[in-house]
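J.: Below, each chain spelled out in residue letters.
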Amino acid sequence: MLKILKYSIFDLLRSRWSYVYFIFYLLLGFVLLFLNSDINKAVITLMNIIIVLTPLIGTIFGVMYYYNSKEFTELLLAQPIKRSKIFMGQYLGIALSLTLSLFLGLGIPFVFYGLFKSAAIFDFSLLIVVGSFLNFIFVALAYNIALSTENRIKGFGYAILMWLFLAVIYDGIFMISLIMFNEYPLDKFSLIATMFNPIDLSRILILLKLDISALLGYTGAVFKDFFGTNFGFIISMFILFLWVFLPVLRMKFKLKKKDF
Amino acid sequence: MSYQCSVFSIQCSAFSYQFVIPTVLKFSRERTTRNFLLLFFSFLFSTTFSQTKTINVCATCDVKTIKNAIKIAKDNDTIFVKKGIYKEHKINVNKAIHIIGEDYPILDGENKTESIFAIKAANFSISGFHFKNVGMSYTKEIAAIFISKSNNFVIKDNKMDHVFYGFILQRTKYGLLQNNKILGESKTEATSGNGIHLWKCENMRIEKNLVSGMRDGIYLEFVTDSHVSHNTSIKNVRYGLHFMFSHKNEYHHNEFKRNGAGVAVMFSKFIKMHHNTFHYNWGTASYGLLLKEINDAEITDNVFEQNTIGINIDGCNRITYKNNHFIRNGWALKFTGGCYTNLFEYNNFMHNAFDLSYNSRLNDNKFEANYWSEYNGYDIDKNGIGDVAHRPVKLFSYVVNKTPETLVLLRSLFVDIINFSEKVSPVFTPDNLKDEKPLMKPINPLE
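So the sequences go chain by chain: A and B.
As numbered in numbering that gives the first Met the number 0, residues 0 to 259 make up the first sequence, in order.
As numbered in numbering that gives the first Met the number 0, residues 0 to 446 make up the second sequence, in order.
Hints are not guaranteed to be accurate.
No farther apart than 25 Å at their CA atoms in a straight line, the calculated lysine-lysine pairs in the BS3-like style are these [claimed, not checked]:
| id | chain 1 | residue 1 | chain 2 | residue 2 |
| --- | --- | --- | --- | --- |
| 1 | B | K131 | B | K158 |
| 2 | B | K186 | B | K321 |
| 3 | A | K187 | B | K401 |
| 4 | B | K172 | B | K139 |
| 5 | B | K291 | A | K40 |
| 6 | B | K256 | B | K172 |
| 7 | B | K186 | A | K40 |
| 8 | B | K180 | B | K139 |
| 9 | B | K234 | B | K148 |
| 10 | B | K73 | B | K139 |
| 11 | B | K81 | B | K94 |
| 12 | B | K73 | A | K208 |
| 13 | B | K111 | B | K155 |
| 14 | B | K256 | B | K271 |
| 15 | B | K180 | B | K148 |
| 16 | A | K208 | B | K234 |
| 17 | B | K148 | B | K199 |
| 18 | B | K256 | A | K40 |
Beta-carbon label-pair distances, calculated as ranges [claimed, not checked]:
| id | chain 1 | residue 1 | chain 2 | residue 2 | range |
| --- | --- | --- | --- | --- | --- |
| 19 | B | R360 | A | L34 | 56 to 62 Å |
| 20 | A | V128 | B | D102 | 53 to 59 Å |
| 21 | B | E249 | A | I48 | 32 to 38 Å |
| 22 | A | K187 | B | H229 | 35 to 41 Å |
| 23 | A | L248 | B | S424 | 32 to 38 Å |
| 24 | A | E182 | B | Y339 | 28 to 34 Å |
| 25 | B | G383 | A | L245 | 32 to 38 Å |
| 26 | A | I172 | B | G383 | 50 to 56 Å |
| 27 | A | P184 | B | R360 | 36 to 42 Å |
| 28 | A | I175 | B | R170 | 25 to 31 Å |
| 29 | B | N431 | A | E182 | 29 to 35 Å |
| 30 | B | K365 | A | F23 | 40 to 46 Å |
| 31 | A | P184 | B | I84 | 51 to 57 Å |
| 32 | A | T44 | B | A189 | 55 to 61 Å |
Honestly, the hints are just simulated from the structure, not real lab data.
In this text the structure is predicted, and so the values were computed from the model without any measurement.
Note that beta-carbon positions come from the ideal geometry of N, C-alpha and C, so glycine has one too.
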């Protein structure tokens, strides 16, 4: 598995898209910090970008890589290597290289502008951790979709739809249901509803460290009591981990039965 | 008046000059309002035409308690209290005397349910004491210094801790409270008192005091023509400053920080609030400033930073908001209830989660020439004024108003999309609520 992981990482690192992605984050970081040298504010803006963009890039990369390397994968499958090892290697390769781009692309400008001396270091590391989780989650989801659909166009369509659903439509439905059921106590419901969407969960995790905590407390103590505590933080991290683990599990399950 | 003087000390008039005159001069240098001229002349009169005496109080002196000293004192006498611990309470003052503590003698109330000083006099002063242990009562108003029906007085440079109320002033006129430090450790609203509590007073000045850990830092009810300035009010259980039915007052250069619920201003007219700082009033039910039923006020040059709600405006009319800074608040302005003919000009709205929350579709308030950090228009003719109007009310803030739980969706992509579509064609937010001349650059940026 390590060999395949190494291979796919090097393959990706050689490809143009990783560089574009890396340079995009690098420029973004520098421009943000150049425009407002307050690291705290930059972290907020960055959050807006990360929670939308990382899932999108992760999804597209995952699907693209699977379809592009399909012939080579089939070749590998003819060798005496376990199926799960091949695919796990590829999956980890993509997720790790994307995370590396994110980490270096944002890390370098922030270190340049004195991250280590700033109080924002915790917020920033949380941002990176959440961003990495999102990478792993969405690459896994994308791989699931790609494994289940033979048709390339369909696969891309489903993947984009999945991203659109989690990033936008889910929130829309969420908001409308909150408005519709206004008369009922909704604290617990909204708490659980955020758990079912990794993007929402990561957004709230970061926001709680930034500005939302007191605003949320204004409406319902349930949120603050949950997310504001270490227990809530650990639970949230655990759920993010589940969001990685379950798609990967399904991938393995699917692989066993799939006829290549 | 002066016949007893030689009995105590030959230097007494010299003492009077030494201590009283500089005090008077200091005040007259500042605002020479009627009250201090009166005070000045009364001192001048007493020091030039009569001889006054001083009484020393200490453990080894002839006079051992403050109560006794007051008993033998006549009008215009000065009592010096030397360093030590005085376990006295219910000290009645009904003469025009000056009580001065040297090196902060401790007045210990021993947690009895009586005020330490109970004063009903004119032309007196108290300074330099350290008050301690005033008992708590659910039925009586007990304070370190309780003043009623008095006028022309100065209370300054005192320290207080573990007191139920710091000051209670009732029906007083022309008084000055200056440089007092009141530090409490209040836990709940019901079991704690206010730092400085004024009821039915006129022409008072409250300056340079520090109040922390009490229920309300400074509380004013039915107080008129008074100045509250340069005070610091932090970490109080309820409000930093709280006033009701108090007209024609001026509040300036105060700092209100980390109070349970910020500053509340209610049912008052002709108020001026300027150069105050309201910050870090951050919590479930906190705001920088709560305005309720305030008319004809001027709120200028204040800083609102990191409050859950910068200003909560409820039923306020004809108020001018100018040159205020709203920085990183949850809501910069939150309107609840009908507010008419208010003017907001030259304010900075920077990086607030919501700049404005509005509860109705009617708007009679004017927003003009403010700086909005969220403004994304352009300025082609380079005159510093944006060429497109700015709409500060977002659809999301309207939704949050209706259903507070939707706040969990703050900063999500979906919310950005609906905000954008509302901006393009307003349906839910007031159509005429906009800043026609948004500034491109902030006014007077803070350091």
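J.: For each hint, tell me whether it holds in the structure or not.
T.: Against the structure, the hints:
no.: 1; hint: B:K131 / B:K158; result: holds (9 Å)
no.: 2; hint: B:K186 / B:K321; result: violated (36 Å)
no.: 3; hint: A:K187 / B:K401; result: holds (18 Å)
no.: 4; hint: B:K172 / B:K139; result: holds (23 Å)
no.: 5; hint: B:K291 / A:K40; result: violated (33 Å)
no.: 6; hint: B:K256 / B:K172; result: violated (29 Å)
no.: 7; hint: B:K186 / A:K40; result: violated (35 Å)
no.: 8; hint: B:K180 / B:K139; result: holds (23 Å)
no.: 9; hint: B:K234 / B:K148; result: violated (31 Å)
no.: 10; hint: B:K73 / B:K139; result: violated (30 Å)
no.: 11; hint: B:K81 / B:K94; result: holds (21 Å)
no.: 12; hint: B:K73 / A:K208; result: violated (64 Å)
no.: 13; hint: B:K111 / B:K155; result: holds (24 Å)
no.: 14; hint: B:K256 / B:K271; result: holds (20 Å)
no.: 15; hint: B:K180 / B:K148; result: holds (24 Å)
no.: 16; hint: A:K208 / B:K234; result: holds (22 Å)
no.: 17; hint: B:K148 / B:K199; result: holds (10 Å)
no.: 18; hint: B:K256 / A:K40; result: holds (22 Å)
no.: 19; hint: B:R360 / A:L34: 56 to 62 Å; result: violated (36 Å)
no.: 20; hint: A:V128 / B:D102: 53 to 59 Å; result: holds (57 Å)
no.: 21; hint: B:E249 / A:I48: 32 to 38 Å; result: violated (47 Å)
no.: 22; hint: A:K187 / B:H229: 35 to 41 Å; result: violated (48 Å)
no.: 23; hint: A:L248 / B:S424: 32 to 38 Å; result: violated (47 Å)
no.: 24; hint: A:E182 / B:Y339: 28 to 34 Å; result: holds (31 Å)
no.: 25; hint: B:G383 / A:L245: 32 to 38 Å; result: violated (55 Å)
no.: 26; hint: A:I172 / B:G383: 50 to 56 Å; result: violated (44 Å)
no.: 27; hint: A:P184 / B:R360: 36 to 42 Å; result: violated (28 Å)
no.: 28; hint: A:I175 / B:R170: 25 to 31 Å; result: violated (58 Å)
no.: 29; hint: B:N431 / A:E182: 29 to 35 Å; result: holds (32 Å)
no.: 30; hint: B:K365 / A:F23: 40 to 46 Å; result: holds (43 Å)
no.: 31; hint: A:P184 / B:I84: 51 to 57 Å; result: holds (56 Å)
no.: 32; hint: A:T44 / B:A189: 55 to 61 Å; result: violated (44 Å)
Going down the numbered hints, you'll see the structure goes against 2, 5, 6, 7, 9, 10, 12, 19, 21, 22, 23, 25, 26, 27, 28, 32, while the others check out.
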